[in-house]
Amino acid sequence: MKQLFPVSHVMGFVFSLVLSLVALTVVFYDMSYAMGMTILLITAFAQASVQLLMFMHMGESKDKVTLYTNIAYALFVGVFTILGSLLLLVWDI
Amino acid sequence: MKWDEFFVFTHDPMLFAAMISIVLGGLAIFVGLTYFKKWGYLWTEWLTTVDHKRIGVMYILVALVMLFRGGVDALLMRAQSAVPENGLLNAQHYNEIFTTHGLLMILFMAMPFIIGLMNVIIPLQIGARDVAFPRLNAVSFWLFAAGAALLNISFVIGGSPDAGWTAYFPLASLEYSPTVGNNYYSLALQISGIGTLMTGINFIVTILKMRAPGMTLMKMPMFTWSVLITNVIIVFAFPVLTVALALMMLDRQFGTQFFTMSNGGMDMLWANLFWVWAHPEVYIVILPAFGIYSEIISTFARKNLYGYKSMVVSMVAISLLSFLVWAHHFYTMGQGVMANSIFSIATMAIAVPTGVKMFNWLFTLHKGKITFTTPMLYSLAFIPIFTIGGVTGVMLGMASADYQYHNTMFLVAHFHYVLIPGTVFAVIAGFHYWYPKVFGYQLNERLGKLGFWLITISFNVAFMPLFILGLNGMTRRMYTYSEETGFGPLNMLSFVGALGLALGFIVLVYNIYWSARYSPRDTSGDPYDARSPEWSTHSPVPVYNFAIVPTINSLDAFWYAKKNKAPFFEGKYEPIHMPSNSGQPFLMGVAFCFWGFFMVFSWWIPAIISALGIFATMIYRTFERDHGYYISVEEIERTENALRGDKQ
Numbered sequence: 000m001k002q003l004f005p006v007s008h009v010m011g012f013v014f015s016l017v018l019s020l021v022a023l024t025v026v027f028y029d030m031s032y033a034m035g036m037t038i039l040l041i042t043a044f045a046q047a048s049v050q051l052l053m054f055m056h057m058g059e060s061k062d063k064v065t066l067y068t069n070i071a072y073a074l075f076v077g078v079f080t081i082l083g084s085l086l087l088l089v090w091d092i
Numbered sequence: 000m001k002w003d004e005f006f007v008f009t010h011d012p013m014l015f016a017a018m019i020s021i022v023l024g025g026l027a028i029f030v031g032l033t034y035f036k037k038w039g040y041l042w043t044e045w046l047t048t049v050d051h052k053r054i055g056v057m058y059i060l061v062a063l064v065m066l067f068r069g070g071v072d073a074l075l076m077r078a079q080s081a082v083p084e085n086g087l088l089n090a091q092h093y094n095e096i097f098t099t100h101g102l103l104m105i106l107f108m109a110m111p112f113i114i115g116l117m118n119v120i121i122p123l124q125i126g127a128r129d130v131a132f133p134r135l136n137a138v139s140f141w142l143f144a145a146g147a148a149l150l151n152i153s154f155v156i157g158g159s160p161d162a163g164w165t166a167y168f169p170l171a172s173l174e175y176s177p178t179v180g181n182n183y184y185s186l187a188l189q190i191s192g193i194g195t196l197m198t199g200i201n202f203i204v205t206i207l208k209m210r211a212p213g214m215t216l217m218k219m220p221m222f223t224w225s226v227l228i229t230n231v232i233i234v235f236a237f238p239v240l241t242v243a244l245a246l247m248m249l250d251r252q253f254g255t256q257f258f259t260m261s262n263g264g265m266d267m268l269w270a271n272l273f274w275v276w277a278h279p280e281v282y283i284v285i286l287p288a289f290g291i292y293s294e295i296i297s298t299f300a301r302k303n304l305y306g307y308k309s310m311v312v313s314m315v316a317i318s319l320l321s322f323l324v325w326a327h328h329f330y331t332m333g334q335g336v337m338a339n340s341i342f343s344i345a346t347m348a349i350a351v352p353t354g355v356k357m358f359n360w361l362f363t364l365h366k367g368k369i370t371f372t373t374p375m376l377y378s379l380a381f382i383p384i385f386t387i388g389g390v391t392g393v394m395l396g397m398a399s400a401d402y403q404y405h406n407t408m409f410l411v412a413h414f415h416y417v418l419i420p421g422t423v424f425a426v427i428a429g430f431h432y433w434y435p436k437v438f439g440y441q442l443n444e445r446l447g448k449l450g451f452w453l454i455t456i457s458f459n460v461a462f463m464p465l466f467i468l469g470l471n472g473m474t475r476r477m478y479t480y481s482e483e484t485g486f487g488p489l490n491m492l493s494f495v496g497a498l499g500l501a502l503g504f505i506v507l508v509y510n511i512y513w514s515a516r517y518s519p520r521d522t523s524g525d526p527y528d529a530r531s532p533e534w535s536t537h538s539p540v541p542v543y544n545f546a547i548v549p550t551i552n553s554l555d556a557f558w559y560a561k562k563n564k565a566p567f568f569e570g571k572y573e574p575i576h577m578p579s580n581s582g583q584p585f586l587m588g589v590a591f592c593f594w595g596f597f598m599v600f601s602w603w604i605p606a607i608i609s610a611l612g613i614f615a616t617m618i619y620r621t622f623e624r625d626h627g628y629y630i631s632v633e634e635i636e637r638t639e640n641a642l643r644g645d646k647q
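Protein sequences, first through last, are from chains A and B. With the first letter of the first sequence counted as 1, position 22 gets the number 21 in numbering that gives the first Met the number 0; the numbers rise by one all the way through. With the first letter of the second sequence counted as 1, position 81 gets the number 80 in numbering that gives the first Met the number 0; the numbers rise by one all the way through.
In short, the hints are calculated from the structure, not lab data. As the structure is a prediction and not an experimental result, all values here were calculated from the model. Any given hint could turn out to be false.
Said to hold, decoys possible - As a list, the in silico DSSO-like pairs of lysine-lysine whose alpha-carbon atoms are at most 30 Å apart:
id	chain 1	residue 1	chain 2	residue 2
1	B	Lys302	B	Lys208
2	B	Lys208	A	Lys63
3	B	Lys564	B	Lys366
4	B	Lys218	A	Lys63
5	B	Lys356	B	Lys571
6	B	Lys308	A	Lys61
As the list claims (entries may be wrong) - Derived list of chain B stretches under chain A, where covered just means 3 residues or more per stretch with a C-beta under 8 Å from a C-beta of chain A:
id	stretch
7	264-276
8	323-330
The beta carbon of each residue, even a glycine, is placed where N, CA and C say it ideally should be.
Modelling step: build the complete structure from the supplied sequences, incorporating the hints.
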């Protein structure tokens, strides 16, 4: 029975719910910008780690080349999409 | 909601005719299936299948139907604009038609046609027996079919989306588009988009993990490479669409303010998110086309592909650059000069890897023994016509110049000049090229060539005038214009071209019918003396694809095996493990279709019941124990002997 019950998945699911709730407090409670940003950044990174490690099983594969290629590609797309969107919508130069 | 708003086809005789034809068509299919007792066949052989070849065939069939539907839209638009002050369509009807034309042609014609060819060919090209997740593949197809069905009924029930395929806010908001049209947009695209994302994951795993022994990445056929890169783009781009459509649905139906102009919303955020997805989407439909052309050109030039490595490198470069250029779709939206310059330079950079590919095809042709078959004609016509599209694309890519022809017919002409010779010619060429592999006989060459000339010439007649009209100042999406503008004659010429394209399509469909009846059967499995592994097995392909999995020790290994008279398949038959059929993906698609329909009209109770249906199919799958089945050695021998034409 112990092998059949997916403990890490259930734990990951609970973690991701808790992290979402913590992030929500930024909206519901009155707090400073710095405080809110800190909470959001920490929960965002924790959330990403939960998803990647517990659901996507990152690090369980022996094939490190594929893993790093994937991460590099994802970072490239993610970083440039965010920078580009900031450039277009916020920085306005 | 009033019934009058629900049954919109009662407003317009043309829509009424459409409704009647849908009902009659459905009735004819129902009666036909019952009369010929084909319900059981349809269910066991097609609706429940997990065979990649059959799923591919279904994708292509739906794509052809959507090509017809989108083509009728195009004909109506061209007919409406053929003469000044025309009253064939009213403004609302015209808006709905250009919106659904764009959506259908990109998402429900080009994409499924490409995905269909991928499904049929990729496992054969890499020497696999199916895709990595056959059941998931069926789910992908039925979700796509559910989305397509949903978008098509919008025309007669409730009204189609009418804010362009881009659905820019605030125009697409509840305030300015109060009909359910754009609810259809968000839900139909969402459902089929989830299916596409699954396809992306499925094919990446298939190509990376299921290649025949010895086939390293750099020994893969070029079509497989292009599909691998395409699916990487799908996996990175489609989640953006999923999020954008979810926000759109929340804004329109649940009162959130993501894309509004007040309360902290930002209307331009939609345009930004949309194009972050939609620009890579352009490459999702063009890269497999490049792969198809590479296969066809090297087969019919009787040469190996020139510059294999540079082809791969340039496709990887295109895939990275495709994520850096989305803002060139809205240079005039009001961002600064710096932002426009950066995106302008990134855009022009794409011309470099694309140019590399162009020259590689030309060098492949150089000193080749070229045979002018129908697929080869499409591939050869692609090179100059696509170049016109590419060069006008660089013109549009220059931000300052773009202010002159932004949103004019010049843009419309440009993207048709890239998408039609790029994607449409490629899928038609691939369709002709791989047809014998799937059905065991070739399409007729004379009819194929007639269709080619009709389509190629009419395409230029239809779209070349639009470049001039655009430079003369005709904006896109105008439902009519006055005679003084002088736009009339060129628009009439374009309409004539559109009629020619329709004729070409009729020839194409007639060719399918004619060849099914009269074309001689191909028993060799390799009618073109081609190079890649899909031609090494029988046509039509047995359910297990390869009786013995080949060992690949070089690029074009099958070709060298033929030249050196060496055996391509070595070893003896072993029992083959295959996935079993299941009705679960089909039922899931049906549940999704109902869920989407009820969500469009905000009918919550039926929507919740349908959602429970979706979850029920998922739970069934979770607890299902299905280990597939084995094909015995005796059965393989029997099938192989029969396919080889041996007497029993």
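Against the structure, the hints come out as follows:
1. Annotation: proposed proximity of Lys302/B to Lys208/B holds, straight-line Cα distance about 29 Å (limit 30 Å).
2. A threshold of 30 Å between alpha carbons decides the hint, and for Lys208/B with Lys63/A the separation of about 15 Å falls inside it, so the pair holds.
3. The hinted pair formed by Lys564/B and Lys366/B meets the criterion: a straight-line CA distance of about 25 Å does not exceed 30 Å.
4. Distance restraint check for Lys218/B and Lys63/A: the Cα-Cα separation of roughly 22 Å lies within the 30 Å cut-off, and the hinted pair is therefore satisfied.
5. With a CA separation close to 41 Å, the supplied pair Lys356/B and Lys571/B exceeds the 30 Å bound.
6. In summary, the hint linking Lys308/B to Lys61/A is supported, as the alpha carbons are separated by about 27 Å, within the 30 Å threshold.
7. Requiring three or more residues with a Cβ within less than 8 Å of a Cβ of chain A, the coverage given for the stretch 264-276 of chain B holds, as 5 such residues are present.
8. Only residues whose C-beta sits within less than 8 Å of a C-beta in chain A count toward coverage, and the stretch 323-330 of chain B has 3 of them, enough to reach three; the restraint holds.
This entry does not satisfy hint 5, going by the numbered hints stated previously; all others are met.
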